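**Q** These are the residues of each chain, in order.
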Amino acid sequence: MKMPLLEIKNLSVRFDSDDGPFRAVDDVSFAIGRGESVGLVGESGCGKSVTALAVTRLIPSPPGHIESGSVMFEKKDLLKLGPGALRQVRGSAISMIFQEPLSALSPLHRIGRQIVEGIRFHRDISKKEAWNYARQWLSKVGLPDAQERMYAYPFQLSGGMQQRIMIAMALMLSPSLIIADEPTTALDVTTQAQIFSLIREMKQNDTSLLLITHDMGVVWEMCDRVVVMYASRIVETGSLDDIFFRPAHPYTKGLLAAIPKLSVGKMPLHAISGQVPSPLDYPRGCNFQDRCAHVSEMCREATPGFFKLGEGHFAACILHDNNFSGGEGRDLLQR
Amino acid sequence: MKPETDSDNNDAGKSETPLLEVIDLKTWFPIKRGLFSLTAGHVRAVDGVSFVIRRNETLGLVGESGCGKTTLGRTLLGLERATGGDILFDGISIPGMNRRQMNRLRRHMQVVFQDPLSSLNPRMNVMDIVTEGLAQFGMVEGSKQDHAAQLLGEVGMGRDAIYRWPHEFSGGQRQRISIARALSLKPDLIICDEAVSALDVSVQAQVINLLLQLQKDYRLSYLFISHDVSVVSNVADRVAVMYLGEIVEIGNTVDIVGNPLHPYTRMLIAAVPVAGGKRISEHVVRGETPSPASPPEGCRFHPRCPDVMTSCRKIPPTVTEKEGHQVMCHLYRRT
Numbered sequence: 001m002k003m004p005l006l007e008i009k010n011l012s013v014r015f016d017s018d019d020g021p022f023r024a025v026d027d028v029s030f031a032i033g034r035g036e037s038v039g040l041v042g043e044s045g046c047g048k049s050v051t052a053l054a055v056t057r058l059i060p061s062p063p064g065h066i067e068s069g070s071v072m073f074e075k076k077d078l079l080k081l082g083p084g085a086l087r088q089v090r091g092s093a094i095s096m097i098f099q100e101p102l103s104a105l106s107p108l109h110r111i112g113r114q115i116v117e118g119i120r121f122h123r124d125i126s127k128k129e130a131w132n133y134a135r136q137w138l139s140k141v142g143l144p145d146a147q148e149r150m151y152a153y154p155f156q157l158s159g160g161m162q163q164r165i166m167i168a169m170a171l172m173l174s175p176s177l178i179i180a181d182e183p184t185t186a187l188d189v190t191t192q193a194q195i196f197s198l199i200r201e202m203k204q205n206d207t208s209l210l211l212i213t214h215d216m217g218v219v220w221e222m223c224d225r226v227v228v229m230y231a232s233r234i235v236e237t238g239s240l241d242d243i244f245f246r247p248a249h250p251y252t253k254g255l256l257a258a259i260p261k262l263s264v265g266k267m268p269l270h271a272i273s274g275q276v277p278s279p280l281d282y283p284r285g286c287n288f289q290d291r292c293a294h295v296s297e298m299c300r301e302a303t304p305g306f307f308k309l310g311e312g313h314f315a316a317c318i319l320h321d322n323n324f325s326g327g328e329g330r331d332l333l334q335r
Numbered sequence: 001m002k003p004e005t006d007s008d009n010n011d012a013g014k015s016e017t018p019l020l021e022v023i024d025l026k027t028w029f030p031i032k033r034g035l036f037s038l039t040a041g042h043v044r045a046v047d048g049v050s051f052v053i054r055r056n057e058t059l060g061l062v063g064e065s066g067c068g069k070t071t072l073g074r075t076l077l078g079l080e081r082a083t084g085g086d087i088l089f090d091g092i093s094i095p096g097m098n099r100r101q102m103n104r105l106r107r108h109m110q111v112v113f114q115d116p117l118s119s120l121n122p123r124m125n126v127m128d129i130v131t132e133g134l135a136q137f138g139m140v141e142g143s144k145q146d147h148a149a150q151l152l153g154e155v156g157m158g159r160d161a162i163y164r165w166p167h168e169f170s171g172g173q174r175q176r177i178s179i180a181r182a183l184s185l186k187p188d189l190i191i192c193d194e195a196v197s198a199l200d201v202s203v204q205a206q207v208i209n210l211l212l213q214l215q216k217d218y219r220l221s222y223l224f225i226s227h228d229v230s231v232v233s234n235v236a237d238r239v240a241v242m243y244l245g246e247i248v249e250i251g252n253t254v255d256i257v258g259n260p261l262h263p264y265t266r267m268l269i270a271a272v273p274v275a276g277g278k279r280i281s282e283h284v285v286r287g288e289t290p291s292p293a294s295p296p297e298g299c300r301f302h303p304r305c306p307d308v309m310t311s312c313r314k315i316p317p318t319v320t321e322k323e324g325h326q327v328m329c330h331l332y333r334r335t
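If you're matching them up, the sequences are chains A and B in order.
Going by my numbering, the first residue of the first sequence is number 1, and it counts up by one from there.
Going by my numbering, the first residue of the second sequence is number 1, and it counts up by one from there.
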């Protein structure tokens, strides 16, 4: 693997809710190489967005607290940076694209002014230069009548156009890492397809991407490597082919099977029975135990560690422990 | 067992009257402008739509945001006033009904909305929610508790839920409660408007399977409205594709998915990311959906159509039908 650009180690985030404290992110570690696109997938509430917010220290506190861990980015620990240094990193070296462009853009200011403000915060150039630069980027991301759009308010544009503007803003200062949190979830599939090709086109070769999504189809389109989260923890990580063709964790398998595929007629789907446990009362041991078909006594006792299945492919499931009951684990999975 | 569908014969009313027959339905919203609120034009949300739903059949309705699919559903329910056309429920015309007749009809036609939290009254407990309709129609015999428990049992929930409140449940559970409420009056038709769109895939699969099972048990008909072609293809016997207020293609699911005729249907299907499948080719999608307030002349899809011809720009296409597969496109015009 290439030298990692971002390395998250043992990150844990706690939230203090009215009903008590809970861990939204529990001991999460993964790295993103230079130029690599990593998909962080999981269902709502699994902690994927909180992980991304922790990287840029955007977790509202209170109620959130980063309990432990480190986030190394270009030889600095982002979790230890002061507010000033952090602001220099955000938007310039690391930029973010959010799900709802309408709530990420200010409703009170014209598009042009917002973009220019961002550029001038990080680059020492005149207003006029910044304006021209912004306009060029708007045409680059395929916005028709860029000059006119600079004077528009966000609400005057369609969702697809707003997201194009967000992408322009995110890429304009050539960041080394883009964090995109469900960038296409609010968009129609046809617009989504256009945004995919736009991100692919615009992303320079050494720009890394952390794509957060619940949609395995989106990961397949956009990523090189996948990190699967379930109930605050990482359950499996591997290359695109590992995850899609050799999934090892029962949750990953269930998730892939549950995706509705284009079908030529009525067909019951493969559902994962049960529900995600509430973060307020995660069970002891593996968080997936109550929905897992292969659950054993050991799953209820201790949190499973990661077992290596191949180069860069790990799963947090004792079925892959070769020592577990003399290699019985693999047989269990075959069934 | 699959419910029998008459795949070769689409002639409505050959053996029985269809449960629902929609004839040239129009729902227009006036655009008010200026000091005296003069009507400056209309948003033609639903503009001349015709289809039938037979008993025990699911019609899937797909289209992107703003295509009019939700307005169509609301018009069928009497929540919007039809501007023109007719809706026959079991042979009886709905638009001509007075309020009392309409209320009586609602027993036979129920709805499940996308966001269960906003469609379940937060100040009512689950028992009151699911039995409200029964009480309204004076159909409670014996205890409300038993009715509620029986209904919740149908959707796979326990009796212990009846005294709890909507906010205590997860999204999937809430949607089950909505379904239980819809079932309570033993309706003939349930309109599901993006009923599973807000759910995570693993739970989405559970709810879809529940809907399929209930259809078998109670010979229900569904109008299943969704933006997601893959989901629709798994639940529907027939599929209608909507674009800018019109149904551009309708037919059996196997034909729509296996042999899509309309260029828009093809674009819509090609834009769906398939996990582990072929990547979406670049430029499969052209342009953006125009505003429904000023749809393009001629064929409404012509500015985005890869197969556009001269006639498409001026002459609105008419419906061509072959073995129950209808398409509104000049490419298939009979010569």
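Take these hints with a grain of salt, some might be off.
Lysine-lysine pairs mimicking DSS-like chemistry, simulated, CA-CA at most 30 Å apart [unchecked claim]:
1) A:Lys261 <-> B:Lys144
2) A:Lys253 <-> B:Lys216
3) A:Lys128 <-> A:Lys203
4) A:Lys253 <-> A:Lys266
5) A:Lys203 <-> A:Lys9
6) A:Lys140 <-> B:Lys278
7) A:Lys253 <-> B:Lys186
8) A:Lys203 <-> B:Lys278
9) A:Lys266 <-> B:Lys216
10) A:Lys140 <-> A:Lys128
11) B:Lys322 <-> B:Lys216
12) A:Lys308 <-> B:Lys216
13) B:Lys32 <-> A:Lys266
14) B:Lys144 <-> A:Lys266
15) A:Lys203 <-> A:Lys76
16) A:Lys308 <-> A:Lys253
17) B:Lys314 <-> A:Lys261
18) B:Lys216 <-> A:Lys261
Pairwise CB distance ranges (calculated) [said to hold, decoys possible]:
19) A:Arg113 <-> B:Asp217: 56 to 66 Å
20) B:Asp128 <-> A:Glu100: 31 to 41 Å
21) B:Ser291 <-> A:Gly84: 28 to 38 Å
22) B:Thr320 <-> A:Ser106: 26 to 36 Å
23) A:His270 <-> B:Gln150: 21 to 31 Å
24) A:His294 <-> B:Glu323: 23 to 33 Å
Keep in mind the hints are simulated off the structure, nothing from the lab.
Bear in mind that the values here come from a model prediction, so they are computed numbers and not experimental data.
For glycine and all other residues, C-beta sits at the position ideal for the given N, C-alpha and C.
**Q** Indicate, hint by hint, whether the structure satisfies it.
**A** Consistency of the hints with the structure:
1. A:Lys261 <-> B:Lys144: violated, 40 Å
2. A:Lys253 <-> B:Lys216: holds, 28 Å
3. A:Lys128 <-> A:Lys203: Answer holds: Lys128 (chain A) to Lys203 (chain A) is near 26 Å, not above 30 Å.
4. A:Lys253 <-> A:Lys266: Given that 30 Å is the threshold and the Cα spacing comes to 22 Å, the pair holds.
5. A:Lys203 <-> A:Lys9: With Cα atoms ~26 Å apart, Lys203 (chain A) and Lys9 (chain A) stay inside 30 Å; holds.
6. A:Lys140 <-> B:Lys278: With a Cα-Cα distance of about 27 Å, the restraint between Lys140 (chain A) and Lys278 (chain B) holds, given a limit of 30 Å.
7. A:Lys253 <-> B:Lys186: Roughly 37 Å separates the two Cα atoms, so the pair is violated.
8. A:Lys203 <-> B:Lys278: Judged against 30 Å, a Cα distance of about 22 Å means the pair holds.
9. A:Lys266 <-> B:Lys216: holds, 12 Å
10. A:Lys140 <-> A:Lys128: Holds: Lys140 (chain A) and Lys128 (chain A) sit about 18 Å apart, inside 30 Å.
11. B:Lys322 <-> B:Lys216: Answer holds: Lys322 (chain B) to Lys216 (chain B) is near 29 Å, not above 30 Å.
12. A:Lys308 <-> B:Lys216: violated, 45 Å
13. B:Lys32 <-> A:Lys266: The given pair, whose Cα atoms are some 44 Å apart, is violated under the 30 Å limit.
14. B:Lys144 <-> A:Lys266: violated, 35 Å
15. A:Lys203 <-> A:Lys76: Distance of about 24 Å is within 30 Å: holds.
16. A:Lys308 <-> A:Lys253: holds, 17 Å
17. B:Lys314 <-> A:Lys261: Since the Cα atoms of Lys314 (chain B) and Lys261 (chain A) sit roughly 37 Å apart, the hinted pair is violated (cutoff 30 Å).
18. B:Lys216 <-> A:Lys261: holds, 22 Å
19. A:Arg113 <-> B:Asp217: 56 to 66 Å: About 59 Å separates the Cβ atoms of Arg113 (chain A) and Asp217 (chain B), which means 56 to 66 Å holds.
20. B:Asp128 <-> A:Glu100: 31 to 41 Å: holds, 34 Å
21. B:Ser291 <-> A:Gly84: 28 to 38 Å: violated, 45 Å
22. B:Thr320 <-> A:Ser106: 26 to 36 Å: Violated - the Cβ-Cβ distance for Thr320 (chain B) and Ser106 (chain A), about 49 Å, lies outside 26 to 36 Å.
23. A:His270 <-> B:Gln150: 21 to 31 Å: holds, 28 Å
24. A:His294 <-> B:Glu323: 23 to 33 Å: This hint is violated: roughly 47 Å between Cβ atoms.
The structure fails hints 1, 7, 12, 13, 14, 17, 21, 22 and 24 (numbered hints given earlier, in ascending order).
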